[in-house]
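Based on the sequences and whatever the hints tell you, model everything.
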Amino acid sequence: MTEASRSFYRTGLATLLGAALFTFGCGPKKVTAPPKPVEAPAAPARPTVTLQANPTSINKGESSTLSWNSTDATQLSIDPGVGAVTAEGSTKVTPSDSTTYTITATGPGGNATATAAVSVNAPPPPTPTPAPVRDFNQEVRDAYFDTDKADIRPDAREALSKTAAFLKSEPSTKVTIEGHCDERGSTEYNLGLGDRRASAVKQYLVSLGVSADRMTTVSFGKEKPVCLEHNETCWQQNRRGHFAKAN
Amino acid sequence: MLKSVRCLGQLFFVVVILFCGRPASAQDWFRTGTGLGEAKPRVAIADFAPRSDTAKSHASLFTQVVRDDLQFSGILELASPSFYPPQVPTAPSELKAPAWMEAPTNANYLGFGNLTESTSEVTIQAWLFDVRNPSSQPVVGKVYRGGPTDLQVRKFAHQFADEIISKLSGGLPSVASTQIAFVRSSGAGVKEIWVMDYDGANQHQVTNLHSIALTPRWSPEGSRIAFTCFAPYKGVNSAQICMYSMDTGKLVAFPRFAGTNITPAWSPDGTQIVFSSSMQGTPELYVSDINGSRPQRLSHSNGASMSPAWNPKTGQSIAFVSDRGGTPQLYLMNADGTSPAKLDLPEKGYVIDPAWSPNGQLLAFSWRRPNDDYDIYVMDASSRQIVELTRDQGRNERPSWAPDGRHVVFESTRTGVGTRQIWTMLADGSQPHQLTTSGHNESPNWSTH
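The listed protein sequences derive, respectively, from chains A and B. Each residue of the first sequence is one higher than the one before, counting from 1198 in my numbering. Each residue of the second sequence is one higher than the one before, counting from 50 in my numbering.
To be clear, the hints were calculated from the coordinates, so they are not data collected in a lab. Positions of the beta carbon are idealized from the N, C-alpha and C atoms, including for glycine. Some hints could be false.
Unchecked claim - Derived Cβ-Cβ restraints for the label pairs, each shown as a range:
(1) B:N155 <-> A:T1344: 41 to 47 angstroms
(2) A:S1274 <-> B:S272: 18 to 24 angstroms
(3) B:G488 <-> A:G1258: 32 to 38 angstroms
(4) B:G374 <-> A:R1243: 50 to 56 angstroms
(5) B:D441 <-> A:K1421: 44 to 50 angstroms
Unchecked claim - Listing some non-contacts, in silico: residues in chain B with all C-beta distances to chain A over 12 angstroms:
(6) Q113
(7) E143
(8) K145
(9) A148
(10) V188
(11) S260
(12) T277
(13) A307
(14) G386
(15) K391
(16) G467
(17) E491
See the structure below:
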C-alpha cells in the first residue's frame, strides 16, 4: 500500500471517528416531546371478558384448554394457578379436582370477570383393547432444508409424499407445520426463514392434494432446536419443517 | 505482525475498509486513541463524606457510581483516587483548591459533598468546582433527598453524573440515567424481557409470559417496549407483536395477525410501528399505528424482510434485512417503502441487525464475513465508509446506540461458546465493558434517554 493511500485511509478514519465521537450530539439536542399516543376518550369503555373451558369435563390426569377473549382490558389474570395473561389466548390446565376458573379483566373503565368450570371425574376403568391407531408421529415425516434455503429438496419430496398419504387417509387430522432453522443465522432472520420453510412445506402438501385449511404454519426460527451441538450434522437436523398434530 | 496487532486490537485498533475498488485482502490496521486531538478535562471525585455511621455504605456507593459514570462517559479524564490529597472537603468552605490543582492530582474540576441519613431519608449535598477558579460559583451544586435505598442512591449518583457530563461536554446527552432492555433465558424454552441500568445494575424482569419474548425496542419517549412474543391462541403458538407499558407495568393490547409477526421498531415520533409480518404470504415489512391498526405493506419481494430500523433523525429512511438475494443483507428504503436498495459491502457474508445512531448518520450492524464470525461494524451512511468495532472475540451481534451517540451495547459470546452476554463499548470499539454475567442474555436495546 502506498503512502498516499495510507494517508487517505487515515484521513477517512479520522473523519468517521470524528463523526462517531465528537461531531454529533454536541450542542443541546432539541428534544420535542412526541405526541402522546391517542388514549381512550374521557369515559373509557368498561372491559369485557369471556372464558371457556374445553372440554368442561375431564378424567383425572387429563387436560382441559381454557380460552379467553377480552376488550378494553389492560390487565388480565386467571385464578387459580394461571396468573397474568395476554388480552386473548388459551392455555392448558390439569386440575386434580373439579375447579372453577375465574378470569378478571381490569382496564381504565373498570373490572369484569368471567368463569369456567372444569369437572374432574374419577379415574376411568381400564379401557378395552383399543382399535389399532396409526401413530401420527411415525407416519408423518419432517422435511429437511439446505442452508439459507426454503426449497423442497428431493429427499423432502419423498418425506412429504408419505406425509401427504397419511394425512389424506386421516381426513379429520389437522396439523401445525413448524419452520425451524439452525443456530448460525440471526434470531430475526431465522424467524423469517423458518416462516418461508413452513409455507413451502404447506404449498407442497397442497400440491399433493392435502387441503390447505387443515394446515397452519408457524416459525420458531432457531428458538427450538432438536439438536444442540455446533456442527453440520446437528445443524441439518435443525433445518426442518416439522409436523405437530393440531387436534 | 498482524497477529500481535490483533491482540492489542481489543482496545485501540479499528479496521477501516473503503470501497474504492480496493481488494478486501488489503485491510490495514490503524492506531488511534479515543480522545484523538482533544484535551479532556481532568476531574477528581473526592470520597463523599458520611455525616453519620448510618450513611457510610451509601456514601461509598454514591462516590463509586459517580466515578464509574464519569469514567464511562469517555468525555473526561478521571484522576485516580490514589493520587488525591489526604484532606477531602465535605462542603465548599473546606475546599483547598491548590492541593487538587497540583501534581499528582492535576485536576481541573473537583466533585465532593456529604450524605446525611436517617431510617426514612437520605440527603446528599453534591458540588462540582472548577479548582482553577475556586472563588467562582460551583459548576454544579445539588441537594438530593429520597428514600435511603441503594437503588435511590444510585439514581441520585447518576443524576449528579448527568449534570457534570452535561456541563463539561457542552450539552452532550449523558447516559448515566438511561436503561437497557434485553432478553434473558429463564429456563428451557422461556425467554422474558428484562431491564437494567446502563451500567448493569438493577437488573429486573419486566415480562412474565412463560413463553418466548424477543427483540425489545423502547419507544422514543421511553414509556413502552415493543417486542416479539410467542403467545398461544386457539392452539396456534405463532410469533406476534407485543407491547408493554412501563407506566402501568402491564401489556398493552396489540392485535394478532396471521402468520409470523416479528421485529417491531418505532417511528421517530413514536406514533407508528414498523414490523415484519407474513400475514399476506412471505414475511414483508408493514407499518401500522402503535395500536396495530391500519397496517400498510411497505416491502414487496420474493424473500423474507425483517429487522427494520427507522432513521431516528430524518424519519425518512428505513434500514432492514432481507434475504431476497439468497442470504440476509442490509437494504435501505424510503419510509413509504419506495426505492429499496441493497447496501453493498466489499465482501460477501451475512449482514444483519441494522441500528441507526441518534444523529441518523451512522448505521451499526453485524456482519459475518466469509470464514469469520459475526462482528459489529459502523458505516457512515453518506460516505459508506466502514469501521470494524469487534474482532476475533466470538460472535458479536445486535448493536444498539446509546443516546449520547458515543456508546454501543451489543451481545457477545466472547466469554464462552453457547453463552451470550451483554456488553457496552465506545463506538470506536474501545472500552468493552461486560454488563451481564450469569445465564444467557441477548438482544439489548438502549433507551433513548
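Going down the list of hints, with the structure as the test:
1. For the pair N155 (chain B) and T1344 (chain A), the supplied restraint of 41 to 47 angstroms is violated, since their beta-carbon distance comes to about 58 angstroms.
2. About 23 angstroms separates the C-beta atoms of S1274 (chain A) and S272 (chain B), a value consistent with the hinted range of 18 to 24 angstroms.
3. Checking the proposed 32 to 38 angstroms range against G488 (chain B) and G1258 (chain A) shows it holds: the Cβ atoms sit about 34 angstroms from each other.
4. In this structure, G374 (chain B) and R1243 (chain A) meet the distance hint of 50 to 56 angstroms, their C-beta atoms being roughly 51 angstroms apart.
5. Between D441 (chain B) and K1421 (chain A) the CB atoms are about 31 angstroms apart, so this pair departs from the stated range of 44 to 50 angstroms.
6. A cut-off of 12 angstroms between C-beta atoms confirms that Q113 (chain B) is not in contact with chain A; the least separation is 26 angstroms.
7. Its beta-carbon lying about 34 angstroms from the closest one in chain A, E143 (chain B) satisfies the requirement of being farther than 12 angstroms from that chain.
8. Chain A leaves K145 (chain B) outside its interface by the beta-carbon criterion, the shortest separation being 34 angstroms against a cut-off of 12 angstroms.
9. With a least CB separation of 32 angstroms from chain A, A148 (chain B) remains clear of the 12 angstroms interface cut-off, as annotated.
10. Its beta-carbon lying about 17 angstroms from the closest one in chain A, V188 (chain B) satisfies the requirement of being farther than 12 angstroms from that chain.
11. Once the 12 angstroms rule is applied to beta carbons, S260 (chain B) is inconsistent with being away from chain A; the minimum gap is 9 angstroms.
12. Consistency note on T277 (chain B): stated as away from chain A, yet its beta-carbon is not over 12 angstroms from all of that chain's, at 7 angstroms minimum.
13. Distance to chain A contradicts A307 (chain B) as a non-interface residue, since its nearest Cβ pair spans about 9 angstroms, not more than 12 angstroms.
14. With a closest Cβ-Cβ approach of about 17 angstroms to chain A, G386 (chain B) is found to remain outside the 12 angstroms limit, as its non-interface label requires.
15. No beta-carbon of chain A is positioned within 12 angstroms of the beta-carbon of K391 (chain B); the least distance is around 15 angstroms.
16. Not every CB of chain A is more than 12 angstroms from the CB of G467 (chain B) (nearest about 8 angstroms), against its label as outside the interface.
17. Residue placement check: E491 (chain B) does not keep its beta carbon more than 12 angstroms from all beta carbons of chain A (closest about 8 angstroms).
Violated hints for the displayed structure, listed by number in ascending order: 1, 5, 11, 12, 13, 16, 17.
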